[in-house]
Structure formats: structure tokens, C-alpha cells
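Peer 1: So you can see what is in the structure, the chains are spelled out below.
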Amino acid sequence: MRIRKKYLFYVLAILSSLIGAAVTVIDTYISIEYKFNPWSLCLAIFIAGLVITFFLSLILSIPFGGKSIGARIDPSFKRLRMLKKEELKYHLLAGMGNAVATVGYFLIISIYQEPSTILAFFEVVILYLLMMESIAEKNAPTMAEVQASVIVTFGAIMASFSFEGEINLLGLLIVFLVLNPAWVVFSIYQRKLKIMKINGCYNDAINIRFWNLVFTTFFTAILVYFIDKENFFGAIDILKYWHLFFISMGITFFSYVLYIRALGLGKASVTQAVKAFTIIFAIPFTILASNFVPITFYESIPQLILKIMGIILVVMGVISFALTEVRAYIFIKAKTGYPINELLNNVWGVKGITSVAVVAGRYDLIAKARMRTLGKGYERIIRTLEKVKGIEWFEWETILKEWEEV
Amino acid sequence: MKYPSMIKAYILITTYVGNLKAVLDEMRKLKNVESIAVVAGDYDIIIKAKVNSLEELMELTDQIHSIKGVKRTNTQVIEKEIEA
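Chain order of the listed sequences is G and E. Letter 132 of the first sequence, counting from 1, is numbered 132 in my numbering, and no numbers are missing. Letter 17 of the second sequence, counting from 1, is numbered 1017 in my numbering, and no numbers are missing.
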């Protein structure tokens, strides 16, 4: 399918948020109705999740109409397969990240009567991811992306904040030093796995999700055993409610598969920011669930006003993400006799360049660049290219619209 | 001898004035195309093609030439590429 990549990215991330919102409400229902020990629940949900994910992945591996059923969700998916050696390191890190983030989350659940107040600060993870991308990625965030990320982060905190809970140093330390960094590791390594090529094709989200659950369950079991031995075995007891966990983790599977696909198309920080839509989608599900359990989507009028303001900020922030990119092709002619590999590396070193190809034809190099505005393109890219050794001349072609194979 | 399994190329296209939309509609139906970009500059459309052989590349450029409204093409075969 050839569509505008940007649209597909937003569709996947928003759909993932919609499904994620349903799961959030189901999980709230389970915790209110059954009052399981948090540590037993933490482990039981992953064990059940692993089983249901395995069966779902097997079903999605069944061929139908020339390709697997799962290829309709992720075109890269063929069938459930064994792990490749080159993926192992990333899966270990992503699994460990997910397990530590989960333990951090359940630690807060186990300490606080009303965890929403502290957990609202989980949204700062968008800024963590942004910082990581600024340091580690070639495709560094633009100023507009930083602005939009801050807007979404504050909006999401406001929209999920509760006045009924408490804020103290311990809770903030757990969120800022355990939960958020672990989630960054989880997101970044899942993204690395998604853009990795296996046998010449892009990795698929279904295998990534399954294998992530294998490692997450393993690390979670170890962590829960050391934190609370008694309730480690309690997980086996509550597994008799497997049907509840199967529903929750079965739906979670689809949310994560779409999330991982979105991660492969966009940046982790932007994907996480769009995921903040979960807060908005949770409202209709909460209203629906309020018929069965005592929950409401707001506690008081001031909190409702704060929530509405937060939602508006999230929507505005996500829209501004979508409107802040200019891309261009640059055709470069090298000076005769200048080593082409050296020129390739010189051009690749220019900030804003996202790909460079050595070509045979009228030009010597074709580069692709992204920037916030054409003005920034002139200041950052053109003026830098003019100083790059080995360039005879170059031509600039601004991209007006683009469709990409996905 | 091991041959490279995939060939990538940029095809730079110039169209006759007034035909861009119709040409784009036809190009979006083509196979072996990784991306299609409408650009402002010396060219009108830039296609990134991904084919298994030079013969397939020739077939693709042939198909592009046969689209009504295409004035000229300029093919640049990729020898080496770095992507973010």
C-alpha cells in the first residue's frame, strides 16, 4: 500500500490509543471489582498475557488469501518465528525496560490509595524520549517538536491529574527515576527492533510483541520474587481468573502491535505524545464502565475544568506535530577527483540530512533533508553545504507532497 | 559470485504543464516504487524505485515514459546509501 506515511503513523498511534483506553478501563474494573494483591496481579497478568499473545500470534500466522492473517495488521508479518541472534540484545533490554517500568507502576499502586496523582507525571516520559533523541539520534528534534512535546506533556498531566491523591518525594522519585527511564529503554529498543531488517525485510510488530512479553514476563517474575516472595506464588492462585486477564491482555496485544508499527514510522517521542490521546478516549469507556463499577471520569468541577484544558492542549500539541515539517531533496555534484566516500560522510554530517545516496548519473549524491521551515533549511542546511569540501554545486528541490510504500 | 539482490534508483521526472495530477494518479499505480514525491524545482516528480534487476528498472522507466503527460525522465542508480 502506498499512502502518505505521516497519515499512517497518526492512524496507527491514535488507534493504539483508542484500544489502550479500553484496556485502561477494563484494568480499572478488574482492580476495583476483584481487589487482587498488586504484586500477584503484576505477575499473573504477564503470565496470562504471554499465553494469550502466543495463541493470538499463532492464529495470525494462518495463511489466508496468499498471506498470513497478521499481514493485514502488519504487512511485514509472515508467521510467529524463533528469535534471531541479532535481535536478542535489543529484546533483553526492551524486556528489562518493560519489567522495571511495570514494577515501578505496581510499586506506586501498592503504596498509594489514589495513584493517579503521582502517575500523571508519567507523561513526562515524552520529554525523556525527546532528550534521548536529541543526544543519540541523527534525526534530532526540531524546536517546533520540542514546543509541541512540552504542550502535550503538560496537557496530559493536567488531563490525568487527580486532586484526591498525594504528591510526595518517594512517589516522584519512583516515577522520575524508575518508571520513566525504564519506559524510555522499552520504547527505544522496541523502535530499534522495528526498524531492524530480518532477512532483508523490516521486522514485524507481532513477533516483537510476543518476544517482548517472553522477556518481560521472565524479568518481572524475578523482580516480583525478590520484592514479595509470598505474593509471587499468589500469582498462581489468581490465575484462576485467567479469562479476565485474557480479555485485558488480548486487547492490549492489538494496542501494542499498532504502537510498535507506529514506532517504526515515527519518532518514539512523537509516538508517545500521540499516545496521550488515551486520556481522551478513556472518557467514553469510563462513562460506559460507570454503569458497572463506581468510577467517574472527573472528581470535581475544578478537576473537570483542568481535564478539559489538558485535553485541548494535547489535541493542539499533536496537531502542531503534524504541521511542522518541510522536506527536500538536494542533488549534489562533486568536484572532480574528490573522494566520493569522504564527501558522502561530509554531507551525512550536516544536521537535518536524513539520507544520502551515492548515485550514478547526472549527479554524484542525492540527499534528503527535513527541517522546520524553509528559512531553517537555508540557515542550517544550505549555508552548511556551501562550506562542505568537495561540492562543486548543488540543486534544491522542496518536497510539496509525498507518498511512501509502507 | 553473489549478486546484490536489490537495486534502488531515483527517477527524476519532468511533466508537461497542466498534467501533474493525472500523471501522479497513474504513477501511484506503479509497482516497485518505494516513494513518490511532488517537488518544486527543476523537476516535478521524484520517484524512488526498488527493483530486483536492471531489466526491471528498464521496464519501470518504460512504464513511466508511456504515461501521458510525462515530458522527460532522468534515472540515477543508487550505488551506496546511508539512512537515519
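Hints are computed from structural coordinates only; laboratory data are not their basis. Note that the structure is predicted; figures quoted are calculated from it, not measured. The C-beta atom is built at its ideal place from N, Cα and C for all residues, glycine as well. Be a bit skeptical, because a hint or two may be false.
[What the hints assert, rightly or not] In silico DSS-like pairs for lysine-lysine, Cα to Cα no more than 30 Å straight-line:
| hint | chain 1 | residue 1 | chain 2 | residue 2 |
| --- | --- | --- | --- | --- |
| 1 | G | Lys376 | E | Lys1068 |
| 2 | E | Lys1021 | G | Lys89 |
| 3 | E | Lys1050 | G | Lys78 |
| 4 | E | Lys1031 | G | Lys67 |
| 5 | G | Lys229 | E | Lys1031 |
| 6 | E | Lys1050 | G | Lys351 |
| 7 | G | Lys6 | E | Lys1080 |
| 8 | E | Lys1068 | E | Lys1008 |
| 9 | G | Lys78 | G | Lys197 |
| 10 | G | Lys351 | G | Lys6 |
| 11 | G | Lys5 | E | Lys1050 |
| 12 | E | Lys1008 | E | Lys1071 |
| 13 | G | Lys401 | G | Lys192 |
| 14 | G | Lys351 | G | Lys389 |
| 15 | G | Lys5 | E | Lys1071 |
| 16 | E | Lys1068 | G | Lys85 |
| 17 | G | Lys192 | E | Lys1068 |
| 18 | G | Lys192 | E | Lys1008 |
| 19 | E | Lys1021 | G | Lys78 |
| 20 | G | Lys240 | G | Lys89 |
| 21 | G | Lys85 | E | Lys1080 |
| 22 | E | Lys1068 | G | Lys401 |
| 23 | E | Lys1080 | G | Lys351 |
| 24 | G | Lys192 | G | Lys89 |
| 25 | E | Lys1050 | G | Lys6 |
| 26 | G | Lys351 | E | Lys1008 |
| 27 | G | Lys67 | G | Lys5 |
| 28 | G | Lys84 | E | Lys1029 |
| 29 | E | Lys1050 | E | Lys1080 |
| 30 | E | Lys1021 | E | Lys1068 |
[Said to hold, decoys possible] Reference excerpt, derived from the structure (chain G facing chain E, CB under 10 Å, subset only):
| hint | residue |
| --- | --- |
| 31 | Tyr338 |
| 32 | Asn341 |
| 33 | Asn345 |
| 34 | Val356 |
| 35 | Lys368 |
| 36 | Trp393 |
| 37 | Glu395 |
| 38 | Ile399 |
| 39 | Leu400 |
| 40 | Glu404 |
Peer 1: Could you run down the list of hints and mark each one as holding or not?
Peer 2: Hints, one by one, checked against the model:
A hinted pair counts as satisfied when its Cα atoms are at most 30 Å apart, and Lys376(G) with Lys1068(E) does not qualify at roughly 37 Å. For the proposed pair Lys1021(E) and Lys89(G), the alpha carbon gap of about 47 Å is over 30 Å, so the pair is violated. With a C-alpha separation of about 21 Å, the suggested pairing of Lys1050(E) with Lys78(G) holds against the 30 Å cut-off. For the proposed pair Lys1031(E) and Lys67(G), the alpha carbon gap of about 18 Å is at most 30 Å, so the pair holds.
Under the criterion of a C-alpha separation no larger than 30 Å, the hint pairing Lys229(G) with Lys1031(E) is inconsistent with the structure, at around 58 Å. Restraint check for Lys1050(E) and Lys351(G): satisfied, since their Cα atoms lie roughly 27 Å apart, inside the 30 Å limit. Between Lys6(G) and Lys1080(E), the direct Cα distance comes to roughly 26 Å. Compliance with the 30 Å bound is thereby established for this hinted pair. For the given pair, Lys1068(E) sits about 24 Å from Lys1008(E) by alpha-carbon distance, which is consistent with the 30 Å threshold.
The straight-line distance between the Cα atoms of Lys78(G) and Lys197(G) is roughly 14 Å, inside the 30 Å bound, and the hint therefore holds. Proposed proximity of Lys351(G) and Lys6(G) is supported: the alpha carbons are some 21 Å apart, at most 30 Å. As the CA atoms of Lys5(G) and Lys1050(E) are separated by approximately 17 Å, the hinted pair is consistent with the 30 Å bound. The suggested pairing of Lys1008(E) with Lys1071(E) holds, with an alpha-carbon distance near 22 Å, which does not exceed 30 Å.
Taking the CA atoms of Lys401(G) and Lys192(G), the gap is about 27 Å. The hint holds against a cut of 30 Å. Between Lys351(G) and Lys389(G) the CA atoms are separated by roughly 16 Å; this keeps the pair inside 30 Å, and the hint holds. With a C-alpha separation of about 28 Å, the suggested pair Lys5(G) and Lys1071(E) falls inside the 30 Å cut-off, and the hint holds. The hinted pair formed by Lys1068(E) and Lys85(G) fails the criterion: a straight-line CA distance of about 49 Å is larger than 30 Å.
Of the supplied pair hints, the one linking Lys192(G) and Lys1068(E) is violated, its CA atoms being roughly 42 Å apart against a limit of 30 Å. Our distance criterion of 30 Å between C-alpha atoms is met by Lys192(G) and Lys1008(E), whose separation comes to about 23 Å. Annotation: proposed proximity of Lys1021(E) to Lys78(G) is violated, straight-line Cα distance about 36 Å (limit 30 Å). Note on Lys240(G) and Lys89(G): the hinted pairing is violated, with a Cα-Cα distance of about 34 Å set against a maximum of 30 Å.
Simply put, Lys85(G) and Lys1080(E) have alpha-carbon atoms about 26 Å apart, close enough for the 30 Å limit, and the pair holds. Between Lys1068(E) and Lys401(G) the CA atoms are separated by roughly 21 Å; this keeps the pair inside 30 Å, and the hint holds. Straight-line distance between C-alpha atoms of Lys1080(E) and Lys351(G) comes to about 20 Å, which keeps the hinted pair within the 30 Å bound. With a CA separation close to 11 Å, the supplied pair Lys192(G) and Lys89(G) stays within the 30 Å bound.
Annotation: proposed proximity of Lys1050(E) to Lys6(G) holds, straight-line Cα distance about 21 Å (limit 30 Å). A hinted pair counts as satisfied when its Cα atoms are at most 30 Å apart, and Lys351(G) with Lys1008(E) qualifies at roughly 24 Å. Straight-line distance between C-alpha atoms of Lys67(G) and Lys5(G) comes to about 22 Å, which keeps the hinted pair within the 30 Å bound. Proposed proximity of Lys84(G) and Lys1029(E) is contradicted: the alpha carbons are some 35 Å apart, above 30 Å.
For the suggested pair Lys1050(E) and Lys1080(E), the alpha carbons sit about 13 Å apart, so the restraint of at most 30 Å is met. As the CA atoms of Lys1021(E) and Lys1068(E) are separated by approximately 11 Å, the hinted pair is consistent with the 30 Å bound. About 15 Å separates the beta-carbon of Tyr338(G) from the nearest beta-carbon of chain E, more than 10 Å, and the hint is not met. Against a cut-off of 10 Å between C-beta atoms, the interface hint on Asn341(G) holds, since the closest Cβ of chain E lies about 8 Å away.
Taking 10 Å as the C-beta cut-off, the interface hint given for Asn345(G) holds, the closest approach to chain E being about 8 Å. Hint status for Val356(G): holds, given a least beta-carbon distance of 5 Å to chain E, under 10 Å. Here the hint on Lys368(G) is kept, as its CB sits about 9 Å from the closest CB of chain E, short of 10 Å. Here the hint on Trp393(G) is broken, as its CB sits about 12 Å from the closest CB of chain E, past 10 Å.
For Glu395(G), the shortest C-beta to C-beta distance to chain E is roughly 6 Å, which falls under 10 Å, so the interface hint holds. Interface hint at Ile399(G): satisfied, since its Cβ lies 5 Å from the closest Cβ of chain E, which is below the 10 Å cut-off. Taken as an interface hint, Leu400(G) checks out: its beta carbon lies about 5 Å from the nearest beta carbon of chain E, inside 10 Å. Hint status for Glu404(G) relative to chain E: holds, with the closest Cβ pair at about 4 Å, below 10 Å.
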